[in-house]
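Work out the full structure, taking the sequences as your base and the hints as a guide.
Residue numbers (the working numbering), protein chains in the order written: chain A, 1 to 149; chain B, 1001 to 1056; chain C, 2001 to 2245; chain D, 3001 to 3210; chain E, 4001 to 4221.
Bear in mind the hints are in silico, worked out from the structure with no lab data behind them.
Mixed in with the good hints, there may be bad ones.
To spell it out: a stretch of chain E is covered by chain C in this simulated footprint if at least three of its residues, at any positions, have a beta carbon under 8 Å from a beta carbon of chain C; those stretches are [stated by the list, open to error]:
1) 4158 to 4171
2) 4193 to 4200
3) 4213 to 4219
Using N, Cα and C, we set each Cβ at its ideal position, and we do this for glycine too.
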Amino acid sequence: MTRKQRRTMFLTTGFACFAVATVLVLFALEDKVTFFYSPSDLVAEPVAPDLRIRLGGLVVDGSVMKLSDGITTTFVLTDGAAEVPVSYTGVLPDLFREGQGIIANGSFPDAAGPFVADEVLAKHDENYMPTEVADALKEAGHWQEEPEP
Amino acid sequence: MAAFLDMGGYAATVWPSYGVTAVILIGLLVFSLRQLAKRREQLDALEAERERSRNP
Amino acid sequence: MPSLLHSLASPARFQRISAHVFPWAAVLATGLIGCGLVWALVFVPPDYQQGDTVRVMYVHVPAAWMSMFCYAVMAVLSVSFLIWKHALADLAARASAPIGAAFTTVALITGSLWGKPTWGTYWEWDARLTSVLVLFFLYLGHMALSNAFDDRERGGRAAAILAVVGAINLPIIKFSVEWWNTLHQPASVLRMDGPTIHSSMLWPLLVMAAGFTAFYVVLLLIRIRSELMARRIEVLQRHRAAEGA
Amino acid sequence: MDPDSRNPALIAQSLSCERGGRHLFAGLDFALAPGDALVLRGPNASGKSSLLRVLAGLLEPTEGQVLWHGKDTREDPADWRRSLAFLGHGTALKPQFSVGDNLGFWSRFEQASRTPAEALEAVGLSHLADLPASMLSAGQQRRLALARLAARPGGCWLMDEPTVTLDAASVEQLSAMIAQHRAEGGIAILATHEDLAVENAAVLTLGVRS
Amino acid sequence: MSAFTALVRRDVALATRRGGEAALTLGFFVITIALFPFGVGPDPELLGRIAAGIIWVTALLAAIVSLDRLFRQDLEDGSLDLLALSPMPLELVVLAKCLAHWLVTGLPVTLLAPVMGMMLQLDPEAYAPLIIGLALGTPALSLVGAIGASLVLGARRGGALIGLLVLPLYIPVLIFGISAVEAALAGLPVLPHILIEGAVLVVSLPLAAFAGAGALRLAMD
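Written out as structure tokens, the structure is:
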């Protein structure tokens, strides 16, 4: 085998390996490697009590309530199909607001009660614009809530 | 001016970010320049030495 | 390509070209970064969601881009060094590594500062953040490896192999936000369907990015010159040692 | 023998080598036919080892090429590597293994044509086959390394300082081994300071700069 | 017997001799894991939650401790020259040595993992993904490790350098190995994580072969 033939063979094997790996990854992503649960996932299959999970979704408009202790907040998360009530004690990130996509880390202490979060992370989208532009867009009816994945 | 420095309440986020960027990038620039100067000095000394040993 | 690189590869040629490019790069870097700073800090309107924290973007995003760009440059230089053995490619890759490490540090720190008020956390082990951290380690490994040998050329070639192997991390960083459902938001500027940043915020970002690129060129030229001197110093020292023997 | 009438097996064409910015040799040409031997001489660091490594294919020559039966050994190394037996500075022995196992591994790995027992016989180590290699003296280890070549007759032997640490009797044994190898149509190229008796060998002296 | 199997058998024999790597590596693996209950306390619930992580990280460290000698001895005694001069391509030599390294480190670690899991009160659900993950991940550890081991040949303080070069590249192997276990514990599908771990292994094959062979040529130069 000459050097050229060897090189061709090596390159072919190398590319074949990369191709196989890509196919494997694509197959894997088909099933979606979840970083967090959505409310629908939880409705479809409730998780065990006290199992720590991440819960992601949009904060339902008008659901945010501050409790009388001043630091506990309750709200409802939705993904459009299902809703899960959440309670969180602590300082919320500045981006936390109604309609915002957030991720809550925590667990269900009991099957019936709300999801108790010990950490709330705001997931912002990839859109950046000045306030006036956002208002104008909303007014013109071009505004689209980001569909939560 | 005070409003500018306050950054809409996010002074503690915005200014340290710019500060860290400046310190790291300018730091690397200064370090590189000083390294260059030091090496130039060393090289000049070595070249001079070589000249001397060639034509004593 | 090889012949062009070869002609650039002579140190004398490099010095001549660098002498021409350097002042322009320096002026561009100062001008663009100066403009970008004023624009980003004073004139850019606050974001509809994030308010003034969005200003962190003007250092975070260009630094993050540069951290990847710098590695891509190193990988290309390393390939050309391994295949065509251009000595200047080795020097340039060696000179790039600390710059890339600095940009990566900036991206990581500013990102962390930005993450606290917006996401609610300084650090999250998601795919984007983790892969950038790996990039930082790769830079450190490259610097350590290229200086770990008594023979500079040996170190350069070992580090070149590492740089090429590590290049596999670049697509992972780029696409981590698309493939995995991460906390980090998807790409805003470099995406198929056009940027999702309003033009009033996009332009200063591009100006800043151009300024950072010019700054990278300035640093690179300084450091390559320094590496050339280091190599020459080593040659002269070897001569002296040989004469002394 | 008239050199023109012979059919050279190994040809070196204008070989040049540069190491660490230093020219070791340039424009070396030689041709060796089956049964030939070439002795490399020259002071330390004159490039004898480098030339052997270039011939073997471990080092890239700055210029020139090596042909084995008309094929460029860098472009198409398979035939060359099957016929090549290389002895470097190291003995390539594992002290944990027995003498026999050490040789056995290399015989299997290099697909030697002679059995390890025959090769040990040739270097006079048969009686030590089951001892751990760590118990051998430096000279015996060298002989064991030579046994690896003895297991592969007929091709081209490249030997870097084969006589180092050998006693006088073993040096004689080595020169007999080389003579027999050549008689069987093998080629031997060796770098050595000492006057190892290699009859009718061409001599190439390196490190003499004009 | 082909040159490839001859080389694998020799390296396995070398490592399993008295005082060889295999026993040392396994000893390191078992003892390090046994330290954790002392370090974090014997609370079964806590141990159970971090058991998979402990086993994975220790497997990774065990792979690293034995890497330094992967090529160094062969380089020092001149064997590497002969390996490079065989008609078998150097790329295959690297793969043969990786296979041998895995047979004496990764494979026993994978086989011991269930026992270690019991010691650490691992959740029963986690055994299958842990073991399958290790079976796919540990060969990748040997392969990626070989890149580091070959790159530092001839370097000053090469042993310490290997960790710096190799550990960042081990992160993907670790992440998907662990996420398979986490998914199993959370009742989510395990297969995607296993597939990605497999992809990491498949990619590291050519990567280790080419980069390793390149670095070895460099070391022999």
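Results for each hint:
Taking a C-beta to C-beta cut-off of 8 Å, the segment 4158 to 4171 of chain E contributes 8 residues in contact with chain C, enough for the three needed, and the coverage statement holds. Counting residues of the segment 4193 to 4200 of chain E whose CB lies closer than 8 Å to any CB of chain C gives 0, which falls below the minimum of 3, so the coverage claim is violated. Check result for the segment 4213 to 4219 of chain E against chain C: holds, 3 residues qualifying (beta carbon to beta carbon below 8 Å, three or more required).
Checked against the numbered hints given earlier, this structure breaks only hint 2.
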